[in-house]
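**Q** Sequence:
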Amino acid sequence: MKDVMPGIRKNNFVVVGRVGMDLFPPPGEATQDAATFNADMGGSSANIAAGIVKLGGAASLVTRVSDDAVGRFCLNKLHHYGVDTTHVLPVGGEARNSLALYESRVEGHQSVIYRNGAADFEMSLADVEAVDYGRFGALVAAGTVFAAEPSRTASFRAFELARAADLPVIFDIDYRPYSWPSAQMAESVLSKAGALADVIVGNDDEFGFMAGDKSKGLAKARALASSTAAIVVYKMGEHGAITFANDEEFRTGIYPVAALKPTGAGDSFMAGLLSSLAAGDDLKTAILNGSACAAIVVAKPGCAPAMPFPQDLSTFLDSHPGPTSLD
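In the working numbering, the protein residues as written are 1 to 327.
FYI, nobody ran anything at the bench for these hints, they're computed from the structure.
Worth double-checking, as some hints may not be accurate.
Straight-line distance between alpha carbons at most 25 Å, and here's what the computed SDA-like set of lysine to any residue pairs gives [as the list claims (entries may be wrong)]:
id, residue 1, residue 2
1, Lys284, Gly56
2, Lys2, Pro181
3, Lys10, Lys216
4, Lys216, Asp166
5, Lys10, Ala230
6, Lys10, Ala35
7, Lys214, Gly253
8, Lys284, Asp318
9, Lys284, Leu317
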C-alpha cells in the first residue's frame with residue numbers, strides 16, 4: 001500500500017468536483033415561509049477546498065461552471081475563500097451550476113437540490129489532462145464526479161494521472177442518489193473508484209451501498225483497508241467512526257453540540273482530517289480534529305462560511321469537554 005503521508009504533508013491539494021450556490025433562510029425559518037435568503041458557496045469539493053485553505057493549506061479546484069451570473073458568483077466565492085481557480089472553466093449552452101436550498105434548523109429540516117444539466121458534469125478529459133499534478137501533494141475527489149459523463153471518464157483519468165505522478169488519491173464516497181441514473185450503476189462505478197483510492201472516507205450507508213447491503217458495509221470498509229487503501233474511515237454519525245490503517249483499527253467518538261443544521265459536516269470533516277495530517281498529527285488526533293470541524297459547521301449557518309479557521313478550532317477544542325467515549 002502507498003505511504004500517503006509524504007503527499008498529504010505537502011498541504012497542497014488538487015480537488016476535483018463541483019462548486020455551486022447555496023441559498024439558506026435565517027436560522028429557524030422554513031424555506032416556504034422565508035422572505036430573505038443568504039447566498040454563499042456550496043458543493044462538496046468546493047467546500048472541502050475552502051475548508052483546507054481556511055485551515056492554512058492550499059487547494060486548487062478542477063471543475064466546470066456555467067457561463068452566467070451564477071457561475072461567476074461561484075468563481076467570486078472561490079476567490080473569496082482563497083481557492084485557486086486556474087482549472088475552473090466556464091461552459092456555455094444549457095449547462096447550469098448546481099443550486100442547493102437548505103434550512104438552518106434540525107427539526108423539520110428541508111433541503112432542495114437542483115442538479116438538472118449540471119455544469120460540473122461537463123468537465124472533460126482535456127480539463128483534467130491540463131493539470132500539472134506534480135505541483136500538488138495529493139488529489140481529493142468526491143463521488144458525485146462519477147455520476148455522469150463526460151465527468152466520469154475525466155475523473156477516472158484524473159485518478160490515473162495523479163497516481164502516475166505519485167500523488168495519493170483521497171476519495172470521499174459522497175453518494176447522492178439524485179445525481180445517478182440508477183443505483184446499480186452507482187454501486188459499480190463507486191466501487192471501482194474506491195478500489196483505486198489510497199484514502200477512503202464514507203458513512204455507514206455509503207459503504208453499505210457499495211457492498212450491496214448496509215449490514216455488509218463495515219466488512220467492505222475493512223476489506224478495502226486490507227487490500228488497496230492505506231486509510232479507510234467508516235463514519236457512523238452520532239456513534240463516531242471506525243478507522244482502518246496499518247492492519248489496525250480504532251474507534252473515535254464525536255463532539256456533541258447543539259446542531260443548527262445537518263449539512264456540511266462531511267466536507268468539514270475531510271478538510272479537518274487532511275489539514276491535521278498535513279500538520280504532522282497522528283491519525284487518531286486527525287480523525288478527532290476532523291470530527292471537531294464537523295461539529296463546528298453543523299452549529300452555524302452555511303457550509304463554506306461556517307468552516308473553521310485554526311483559531312476557531314483551537315478555541316472549540318479548549319472549551320469543549322471532549323469527544324464521546326465509545327469504550
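**Q** State for each hint whether it applies.
**A** Comparing the hints with the structure gives:
1. Only pairs whose Cα atoms come within 25 Å are accepted, and lysine 284 paired with glycine 56 is accepted, the gap being roughly 20 Å.
2. Proposed proximity of lysine 2 and proline 181 is contradicted: the alpha carbons are some 33 Å apart, above 25 Å.
3. Distance check on the hinted pair: lysine 10 and lysine 216 sit about 35 Å apart at the alpha-carbon level, beyond 25 Å; violated.
4. With a C-alpha separation of about 32 Å, the suggested pair lysine 216 and aspartate 166 falls outside the 25 Å cut-off, and the hint is violated.
5. Taking the CA atoms of lysine 10 and alanine 230, the gap is about 18 Å. The hint holds against a cut of 25 Å.
6. Using a Cα cut-off of 25 Å, the hinted pair lysine 10 and alanine 35 is violated, with the two alpha carbons roughly 45 Å apart.
7. Restraint check for lysine 214 and glycine 253: the C-alpha separation of about 21 Å stays at or below 25 Å, so the hint holds.
8. Proximity of lysine 284 to aspartate 318 is assessed by CA-CA distance (about 18 Å); at most 25 Å being required, the pair is judged to hold.
9. The suggested pairing of lysine 284 with leucine 317 holds, with an alpha-carbon distance near 15 Å, which does not exceed 25 Å.
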